[in-house]
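Colleague: Here's the letter readout for the chains.
There are 2 protein chains.
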Amino acid sequence: MKKFNDKGITYPKGFKAAALNCGIKDAGLDLALVLSESPAAAAGVFTKNVCCAAPVILSKNHVNSEKVKAILVNSGNANAATGKQGYNDAAYCAEEIAFRLKCEPTEILIASTGIIGVPLPKEKIAGSLDKLVDNLSPENGESFSEAILTTDTFKKEFACEIQLENGKVRIGGVAKGSGMIMPDLATMLAFITTDAKIDRHFLCELLRDAVNKTFNRITVDSDTSTNDSVMILAGGASSVEINSGNKKRFLDGLLTICEELAKMIVKDGEGATKFVSVTAQGCQTESDADKIARSVANSPLVKTALYGGDPNWGRVIMAVGKAGVLFDQDKLDIYFNDILTVKSGVKSGESLEKIKSVFEQKEIEIKICINSGEANATVWTCDLSHKYVDINIDYN
Amino acid sequence: MKKFNDKGITYPKGFKAAALNCGIKDAGLDLALVLSESPAAAAGVFTKNVCCAAPVILSKNHVNSEKVKAILVNSGNANAATGKQGYNDAAYCAEEIAFRLKCEPTEILIASTGIIGVPLPKEKIAGSLDKLVDNLSPENGESFSEAILTTDTFKKEFACEIQLENGKVRIGGVAKGSGMIMPDLATMLAFITTDAKIDRHFLCELLRDAVNKTFNRITVDSDTSTNDSVMILAGGASSVEINSGNKKRFLDGLLTICEELAKMIVKDGEGATKFVSVTAQGCQTESDADKIARSVANSPLVKTALYGGDPNWGRVIMAVGKAGVLFDQDKLDIYFNDILTVKSGVKSGESLEKIKSVFEQKEIEIKICINSGEANATVWTCDLSHKYVDINIDYN
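So the protein lines, in turn, are chains R and B.
Per the numbering used here, the very first residue in the first sequence carries number 453; after that it's consecutive.
Per the numbering used here, the very first residue in the second sequence carries number 453; after that it's consecutive.
Just so you know, these hints were derived from the structure itself, not from any lab.
All C-beta atoms, glycine included, are put in the ideal place defined by N, C-alpha and C.
Worth double-checking, as some hints may not be accurate.
[Stated by the list, open to error] A few chain R positions that, by computed beta-carbon distances, are all more than 12 Å from chain B: (1) ASN473; (2) LYS500; (3) PRO557; (4) GLU594; (5) SER595; (6) LYS620; (7) THR708; (8) MET716; (9) LYS719; (10) LYS755; (11) TYR759; (12) ASN764; (13) ARG767; (14) LYS814.
[To be verified] According to the in silico footprint, chain B covers these stretches of chain R (three or more CB under 8 Å from chain B): (15) 501-507; (16) 525-535; (17) 563-577; (18) 778-788; (19) 795-805; (20) 834-840.
Produce the complete structure using the sequences and hints provided.
Modeller: Below is the structure:
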């Protein structure tokens, strides 16, 4: 597999993108479009938040269309908590862009990110669609990745090329999000394209699998957005068909894109100074392992200790114990970057100096072994810093 | 009911207390004892954390004794994550104090709070027990309340006197905790005494009820300590018996003590600048209401907005939606101090200025109505400030 951290959604054949400022934000790109030249098989995974945003409701319906032509994304306004008017506004945008692309509104997916509870300025969007369509080009993948950002501090693109027995296929992805959720001015969005030829039901299955192993394994602040969406378009321009025979290799590529983008989101987590991988091992079920890893990754006390460079095994023990999983604390082992720090439930003989040195690093791995089974799970997170508080106290 | 915010566990008749520095902390009181002159009926409610501390394991057993004579508490060391040695140390302390009080070790309850994962300096404790017993006096309730503190910034005492048909009874309580959990240097502990005469099984039932409605309704940072304990001793010195007839009035008094102490803990939450009450109303079940209230009270994004004085209804909507309770977002109403801010899922017509003024206050009530049933629940919490991060980044 060839990997590229400087290519994105227009790297696969048959995709064009465009981006511009339509006036939702005072400055900077805020409206973006990605188009599949041939109508594409599409799949999507959306937020589980009950108060999901209007564009999520619309895209959940449209993604079930036989084919999808394009995805229209705006930043600066989430079109969430906007009631029926919000849904009508999203539908209006879909109609307006569909008319210009000569397709049905149901062939358009919509995503929005930005402030919640404020009506979408749909006229600003509609007024810019002619120019947006004129700008469509395979060269504009990077502008797309820029236009969807909010509190993010860097663009998030990744692409790969996979050699299958029946030919080469490409997958490209772009994401935004400076945390699992920042419902005021942000959200996690990811858009993936591929020139593989693939049945949409099969695509949906592969996307769910990849999302569960990647985007669903990150947490910045344990909050869940009203707008989170991951969408994929498979245009088929490579003419290489994905089937059960070459599925594994294609999925490897898709997993790579999703994992790289998911990790970029955590590294760009609001106020993050450290990237932390938390693995729970030796559990009876994967669900138990997941609960333990998340309990540690979401604990404010563990996260502030990570920020402060404090090798606070006591807090990790506390977070493991409160996860809601029964286990024998006398069998609990905890490793920090492979240094055994807690053995059989109590501090190991390892020197404090050596343990402390792990916490001065930028990337930290916490491994928890409860030694009662074979299942494991990993969650990626970041620390909790003064800057997280700074970023989130302002009303905008 | 007469209420006193300057009286504590020695206000009920028949109780004595003592406190001193035994050398676990460099300075300040760190060892305390409360004694019931007549052996008391006892009850306790303890942490659900799987990695519970040695004194919790011991007290969970001893609280089932027919009678309890005293509670011995140390601060500065939690005796948690200390394995079998930790349990033996707690049992040793119980034996040493029981010998001096001429009772069985099973008539002693033990509680510890402080650093996790470090062996208990039991010799320091044992070496101070003679002096501690000599100091026992009804005048030393306040010293007891001081000796159990760690990161707390003030002492937490409350007492009341209740007139029942068959006589007067007194209840006194003391608590510590600067958050639901600070496993490194803190924990939530509460000790309650009463001179009422009451069967221990009945006492246990009343305590569970009171704790569920008070201490279990507070959250500072969503973490659950390895050491949390609430214990009550009923000595019977008033000779007034509690039965099903006067139960309600006694429970009212117990609830008052528990609620006042619980609110003091939140107000003294690590870095707290605001006291916030979150109520979910109109839910189908109490469990649904509890999930919604907790989801809002624990959301880092809601808590930072509260700190910043930002009336961010979008974040509250997000936190309600992620609670795991199904409801119709078009029926969601949200009030900030009785100002209807979100009506039927969208921003109400109320002026931003008026809504903002609520968030400048020190006490804020958030009321969420999902209008789909009759059940409700309240959770008390505080904001998330820079100081919370400051307090929790240091290794001690």
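Colleague: All the hints need checking, so say for each whether the structure fits it.
Modeller: Okay, the hints, checked on the actual structure:
Look at R/ASN473: its CB is around 23 Å from the nearest CB on chain B, clear of 12 Å, so calling it non-interface holds up. Consistency note on R/LYS500: stated as away from chain B, yet its beta-carbon is not over 12 Å from all of that chain's, at 8 Å minimum. The beta carbon of R/PRO557 is kept farther than 12 Å from every beta carbon of chain B, the shortest such distance being approximately 23 Å. For R/GLU594, the non-interface assignment is confirmed: its Cβ lies about 30 Å from the closest Cβ of chain B, beyond the 12 Å cut-off.
Its beta-carbon lying about 28 Å from the closest one in chain B, R/SER595 satisfies the requirement of being farther than 12 Å from that chain. Distance check on R/LYS620: its Cβ is at least 41 Å (rounded) from any Cβ of chain B, clearing the 12 Å threshold; non-interface status holds. For R/THR708, the requirement that its beta carbon stay farther than 12 Å from each beta carbon of chain B is met, with the minimum near 29 Å. With a closest Cβ-Cβ approach of about 21 Å to chain B, R/MET716 is found to remain outside the 12 Å limit, as its non-interface label requires.
Every CB of chain B is more than 12 Å from the CB of R/LYS719 (nearest about 18 Å), matching its label as outside the interface. Its closest Cβ contact with chain B, about 9 Å, brings R/LYS755 to no more than 12 Å, contrary to its assignment away from the interface. The beta carbon of R/TYR759 is not kept farther than 12 Å from every beta carbon of chain B, the shortest such distance being approximately 6 Å. At roughly 6 Å, the least C-beta separation between R/ASN764 and chain B is not larger than 12 Å, which violates its mark as non-interface.
Once the 12 Å rule is applied to beta carbons, R/ARG767 is inconsistent with being away from chain B; the minimum gap is 5 Å. Look at R/LYS814: its CB is around 16 Å from the nearest CB on chain B, clear of 12 Å, so calling it non-interface holds up. Counting residues of the region 501-507 of chain R whose C-beta sits closer than 8 Å to any C-beta of chain B gives 4, which meets the bar of three, so the coverage hint holds. Under the rule that three or more residues need a Cβ within less than 8 Å of chain B, the assignment of the region 525-535 of chain R holds, with 5 such residues.
For the region 563-577 of chain R, the proposed coverage by chain B is satisfied: 4 residues have a C-beta within less than 8 Å of a C-beta in that chain, meeting the threshold of three. For a cut-off of 8 Å, the count of residues in the region 778-788 of chain R with a CB near a CB of chain B stands at 5, and the three-residue condition holds. For the region 795-805 of chain R, the stated coverage by chain B holds: 4 residues have a C-beta nearer than 8 Å to a C-beta of that chain, and at least 3 were required. Under the rule that three or more residues need a Cβ within less than 8 Å of chain B, the assignment of the region 834-840 of chain R holds, with 4 such residues.
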